[in-house]
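Asker: Residue numbers (our numbering), protein chains in the order written: chain R, 1 to 340; chain G, 1 to 403; chain B, 1 to 291.
It is worth saying that the hints were derived from the structure and are not from the lab. Values in this document were obtained by computation on a predicted structure and should not be read as measured data. Even glycine gets a Cβ: it sits at the ideal position worked out from N, Cα and C. One or more of the hints may lead you astray.
[What the hints assert, rightly or not] Each computed EDC-like pair below joins lysine to aspartate or glutamate, with the alpha-carbon atoms no more than 16 Å apart:
no., chain 1, residue 1, chain 2, residue 2
1, G, Lys-122, R, Asp-175
2, G, Lys-209, B, Glu-261
3, R, Lys-309, G, Asp-377
4, R, Lys-173, R, Asp-103
5, G, Lys-399, G, Asp-170
6, G, Lys-370, G, Glu-382
7, G, Lys-172, G, Asp-143
8, G, Lys-27, G, Glu-348
9, R, Lys-157, B, Glu-175
10, G, Lys-128, G, Glu-348
11, G, Lys-256, G, Asp-232
12, B, Lys-119, G, Asp-318
13, G, Lys-79, G, Asp-35
14, G, Lys-204, G, Asp-232
15, G, Lys-339, G, Asp-103
16, G, Lys-27, G, Asp-343
17, R, Lys-157, G, Asp-278
18, G, Lys-140, G, Asp-318
[Claimed, not checked] The following label-pair restraints were derived from C-beta to C-beta distances:
no., chain 1, residue 1, chain 2, residue 2, range
19, G, Glu-254, R, Leu-162, 41 to 47 Å
20, R, Ala-228, B, Met-1, 57 to 63 Å
21, R, Leu-162, B, Gly-145, 34 to 40 Å
22, R, Cys-198, G, Thr-346, 53 to 59 Å
23, B, Pro-122, G, Pro-315, 25 to 31 Å
24, B, Gln-56, G, Gly-230, 43 to 49 Å
25, G, Leu-169, B, Pro-122, 37 to 43 Å
26, R, Lys-104, G, Gln-166, 23 to 29 Å
27, G, Glu-254, B, Phe-160, 43 to 49 Å
28, R, Asp-175, G, Lys-204, 46 to 52 Å
29, R, Ala-29, B, Ile-82, 42 to 48 Å
30, G, Gly-230, R, Met-235, 26 to 32 Å
31, B, Val-63, G, Thr-273, 21 to 27 Å
32, R, Val-326, G, Asn-74, 34 to 40 Å
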Amino acid sequence: MTSNQAAAPLATPLAKPATSWVTTGIFIAVLFALPYLLPVVLPELEGIITLKANFMIFQFTLVIIYAIAILGLNIVTGYSGQISLGHGAFYAIGAYTAAVLMDKLDVPYWATVPVSGALCMVVGFLFGLPALRLTGHYLALATFALALAVPQLLKYKHIEWLTGGVQGIVILKPDAPFGIKFMNADQWLYYFCLFVACIMFWLAMNLIRGRFGRAMIAIRDHPIAAEAMGVNNAMVKSMAFGISAAYTGVAGALGAIAIAFVAPDSFTVFLSISFLVGLVIGGLASISGAIFGAIFIQFVPNIADSISKAAPWAIYGMFLIAAVYVMPTGAAGLVRRLRG
Amino acid sequence: MLISRRVMIASVATAAAAHALPAMAQKKYDTGASDKEIVFGHTGPYSGPASAYGTIGKAIQAYVAKVNDDGGVNGRKLKMITYDDGYSPPKMVEMVRRLVEQDEVLFLFNTLGTPTNTAIHKYVNAKKVPHLFVATGATKWGDPKNFPWTMGWQPNYQTEGKIYAQYILDNKPDAKIGILYQNDDYGKDYLHGFEEGLGEKGRKLIVSKLSYEVTDPTIDSQIVSLKGSGADTFFNITTPKFAAQAIRKSADIEWKPLHFLNNVSASVGSVLTPAGLDKSVGIITALYAKDPTDPQWANDKGYQDWLAWMNKYYPEGDKKDTFNVFGYNVAYTLVAALKQAGDNLTRENVMKQAASLKNLEVPMLLPGIKVSTSATDFYPIEQEQLAKFNGKVFELFGKVYGN
Amino acid sequence: MEAFLHQIFSGLAAGGIYASVALALVMIYTATHHINFAQGEMAMFATYIGWALIEQVGLPYWVAFFLTIAIAFVAGFTIERIVLRPLADKPVLSIIIAFIGLLVIFNALAGFFFSYTIKAFPSPFPTSPPFGNKFLSWHDLGTVGITVMVLLLLFGFFRFTPLGLAMRAAAFNPESARLVGIRVGLMLALGWGLAASIGGIAGMLVAHVVYLDPNMMSGILLYGFASALLGGIDNPGGAVVGGFIVGVAENLLGAYVIGTELKLSVALVLIIGVLLVRPAGLFGRRLVTRV
Numbered sequence: 001m002t003s004n005q006a007a008a009p010l011a012t013p014l015a016k017p018a019t020s021w022v023t024t025g026i027f028i029a030v031l032f033a034l035p036y037l038l039p040v041v042l043p044e045l046e047g048i049i050t051l052k053a054n055f056m057i058f059q060f061t062l063v064i065i066y067a068i069a070i071l072g073l074n075i076v077t078g079y080s081g082q083i084s085l086g087h088g089a090f091y092a093i094g095a096y097t098a099a100v101l102m103d104k105l106d107v108p109y110w111a112t113v114p115v116s117g118a119l120c121m122v123v124g125f126l127f128g129l130p131a132l133r134l135t136g137h138y139l140a141l142a143t144f145a146l147a148l149a150v151p152q153l154l155k156y157k158h159i160e161w162l163t164g165g166v167q168g169i170v171i172l173k174p175d176a177p178f179g180i181k182f183m184n185a186d187q188w189l190y191y192f193c194l195f196v197a198c199i200m201f202w203l204a205m206n207l208i209r210g211r212f213g214r215a216m217i218a219i220r221d222h223p224i225a226a227e228a229m230g231v232n233n234a235m236v237k238s239m240a241f242g243i244s245a246a247y248t249g250v251a252g253a254l255g256a257i258a259i260a261f262v263a264p265d266s267f268t269v270f271l272s273i274s275f276l277v278g279l280v281i282g283g284l285a286s287i288s289g290a291i292f293g294a295i296f297i298q299f300v301p302n303i304a305d306s307i308s309k310a311a312p313w314a315i316y317g318m319f320l321i322a323a324v325y326v327m328p329t330g331a332a333g334l335v336r337r338l339r340g
Numbered sequence: 001m002l003i004s005r006r007v008m009i010a011s012v013a014t015a016a017a018a019h020a021l022p023a024m025a026q027k028k029y030d031t032g033a034s035d036k037e038i039v040f041g042h043t044g045p046y047s048g049p050a051s052a053y054g055t056i057g058k059a060i061q062a063y064v065a066k067v068n069d070d071g072g073v074n075g076r077k078l079k080m081i082t083y084d085d086g087y088s089p090p091k092m093v094e095m096v097r098r099l100v101e102q103d104e105v106l107f108l109f110n111t112l113g114t115p116t117n118t119a120i121h122k123y124v125n126a127k128k129v130p131h132l133f134v135a136t137g138a139t140k141w142g143d144p145k146n147f148p149w150t151m152g153w154q155p156n157y158q159t160e161g162k163i164y165a166q167y168i169l170d171n172k173p174d175a176k177i178g179i180l181y182q183n184d185d186y187g188k189d190y191l192h193g194f195e196e197g198l199g200e201k202g203r204k205l206i207v208s209k210l211s212y213e214v215t216d217p218t219i220d221s222q223i224v225s226l227k228g229s230g231a232d233t234f235f236n237i238t239t240p241k242f243a244a245q246a247i248r249k250s251a252d253i254e255w256k257p258l259h260f261l262n263n264v265s266a267s268v269g270s271v272l273t274p275a276g277l278d279k280s281v282g283i284i285t286a287l288y289a290k291d292p293t294d295p296q297w298a299n300d301k302g303y304q305d306w307l308a309w310m311n312k313y314y315p316e317g318d319k320k321d322t323f324n325v326f327g328y329n330v331a332y333t334l335v336a337a338l339k340q341a342g343d344n345l346t347r348e349n350v351m352k353q354a355a356s357l358k359n360l361e362v363p364m365l366l367p368g369i370k371v372s373t374s375a376t377d378f379y380p381i382e383q384e385q386l387a388k389f390n391g392k393v394f395e396l397f398g399k400v401y402g403n
Numbered sequence: 001m002e003a004f005l006h007q008i009f010s011g012l013a014a015g016g017i018y019a020s021v022a023l024a025l026v027m028i029y030t031a032t033h034h035i036n037f038a039q040g041e042m043a044m045f046a047t048y049i050g051w052a053l054i055e056q057v058g059l060p061y062w063v064a065f066f067l068t069i070a071i072a073f074v075a076g077f078t079i080e081r082i083v084l085r086p087l088a089d090k091p092v093l094s095i096i097i098a099f100i101g102l103l104v105i106f107n108a109l110a111g112f113f114f115s116y117t118i119k120a121f122p123s124p125f126p127t128s129p130p131f132g133n134k135f136l137s138w139h140d141l142g143t144v145g146i147t148v149m150v151l152l153l154l155f156g157f158f159r160f161t162p163l164g165l166a167m168r169a170a171a172f173n174p175e176s177a178r179l180v181g182i183r184v185g186l187m188l189a190l191g192w193g194l195a196a197s198i199g200g201i202a203g204m205l206v207a208h209v210v211y212l213d214p215n216m217m218s219g220i221l222l223y224g225f226a227s228a229l230l231g232g233i234d235n236p237g238g239a240v241v242g243g244f245i246v247g248v249a250e251n252l253l254g255a256y257v258i259g260t261e262l263k264l265s266v267a268l269v270l271i272i273g274v275l276l277v278r279p280a281g282l283f284g285r286r287l288v289t290r291v
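Here chain R stands alone, though its shape is the one from the complex (with noise of 0.2 Å):
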């Protein structure tokens, strides 16, 4: 370990591609490789379709969707500089556009997810460029106003016929297409949504490192200063907060599939907060950090029921403190630190 030099100050990392491309290839290869490594891992998993290991496939899938997500959010927050606790809302936009896509006028699933992600990023633009405007505790006011007024939204009496009012949708799990054998439900979908993410992230590290979005940066790091020199904060921050609800959207709508049905109940408050939880303890402003985040939001609430059945979230809770102490720059601050 190298980490032995005086921790240099911590300010909000900059978006320098932390990872080489050699260990992002090996990354990818072992999440693809992953529905046939975990039997090996296991050996108690043996045999390639075991009930045990699709669960695990499952809560990986999980992962993935949150990790698109909180991607989302880290575009907002994490490169321009505009806290949001309201990402469930578009989580829930998407969610509820695939599912109504599916049931109403049966359109395949995957065609359903752009059509979720460009929708999003709409009603994202239009919310922006209002809510812009407002800054620090009046956009977190507004956002979470948004996370609270969606859900209510989603029941309200007029538009039941198209949201299920408060029974939801219940949607059809796609199988695997062309009638592939060796391939299960979770398996694809697995694959699929690592498919997807793969375009996401790779989309998403073109748009930090080009034009669009050293204007994000500059606005964060000196609005005014980038103003001066020709930006248009306004349209610049609201085209973020769009490509971020986009994000957002598309794995809504790859988590209404997984899940197989929507409620106004899957959306509430706690979704957007974990969404911010999972960003910070990835690490802002850092296109690893949505996976470890992720993983964070997916894992860490089990790990806390198993220790304490009595009071799971109170042991959340102070995982979440240890957590900020801990590596105040996220997980993948900290993995970069000890990397030297």
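Given the structure of chain R, go ahead and fit chains G and B onto it with the hints provided.
Answerer: Leaving out everything else, chains G and B in the frame of chain R:
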């Protein structure tokens, strides 16, 4: 078919044992059951917006402890695995899959909530895992034709709503009805049953219909509006906290309607006492279980057993809380079904036995109210009796409704 | 007409609740420049302590009331020292996560120690209708009275006492404050203690109306948050007025305009609309950025 290796070995082993000992040939097991134990799964809202119901899961666990101390069911210990679902459908899906696929439970028991159970409804039926006595009063849990692996337990909300409607039509045909309901599946189910019970004509009696959200701090404004609407009859579809607020507020603003309170909040100890017993006089509700705070059961054997069990196995639980009665009763029903299943502990037989309970008497249900199921009847409790609060207790009156 | 007056007054009663919570938020903001998301849960927990002192220890109401305030003060002070002090130089979002951590901890502990069954919290005020009117109860009036009293005390404290001035200075500009000899760390901890005390007062007043349970504050905190921002997060008087505006507006909207289903959503949209026009709130001080 997806069969894990352990199950295959287990069944091979039992087959071998069956060869050696012909006397044991009757024993049949599915995953989760063995000579020693029966493993079953449960989820409950130990956290989140519905955490008041979390005590049901703890009560069931306490009952399981008692059953095991008494020697188990047909010599097998019960092992209950319970997880927190936070009343969130996605979390529920994850936890139920964990129970079925990772913990390999024999069956699922008393999972709570309508949206949460809806999320796993298809899954458990596709996997053919018994999904027994779910803790929700929606009507869809009694549909053996389409969902032969899912079964409810408590009287469903719609039936109860119909009972109140019937009572109003019989006794106060010119009522002006005001309704307050929680804006979710539970509230809408009651509302639906009530309106259906009133019928086309009776529905005109409703003069005001207001909702509230679980996140609302108070419902004072709604009560004021209901009074202003001129209603003289009030159907109160609220959970305990809001029920107590509604009772107190209507007394404070001197609105004295004929007050129907849904069974969900019909607890003397945890709703009427905080609201004020003098303010609760005259409230009508439909009951199927004994209220633990009602002195008329003080010498009742069922109540005394319940009290002894609470003291020994769940001392930290609230003895005023009707949910602890609920947990006791539902767990009692489960044990009866498992006893009936004998040594044939396959998923199919567990489901079959749960669907052939005949006039089972459960100690903390009201006298005369029995649990009955059949292959076509997946509604275990279908009877309720009206009761009026007299300032101290709910006095039962009239006939037992339902069949 | 009578119903309309009833709606206004029950809105004012609710507004009194929001105002008292908003005041606690303003307090912590003035002292630390953070908005504490755990404020509501801390207040709820303090209220449980008050409940236990009254119902289980058997203390008279006012003794328990002031004892709870003292306990809350010590607890708030300690939390700042143990949990937040080490995070002082960390990014804002890390601190927000710590707040969320505190929120879930207090919520879970309250459920664990006191169960989730609702509890009645006594009121020190008479139950008879005051002056023969039927619109407001003595408790409603008492809530408003105590809130205004706390407000005046705070106002005087921050404006006229050296300690209050030092606390404001510490929050406003820690560097300069340190240079003039103010112990900034101590001031922050004191601010937390005061905010926790005010939260405890709010909790005890609220609990009589909405009943005490571990989720008691989750809904109210949002209203308090909205009230504080509407009135101006750095202006205690504004926050109290904001509370009453939110309470009345929400009631009237729900009863006469849009119905109960969407009243919260619409009320929030209106608040945000106001904030877009007046970004510092109705009574807040506008900050001009210097380049």
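Asker: Can you list which hints this structure breaks, lowest number first?
Answerer: 3, 7, 9, 15, 17, 18, 21, 22, 26, 30, 32
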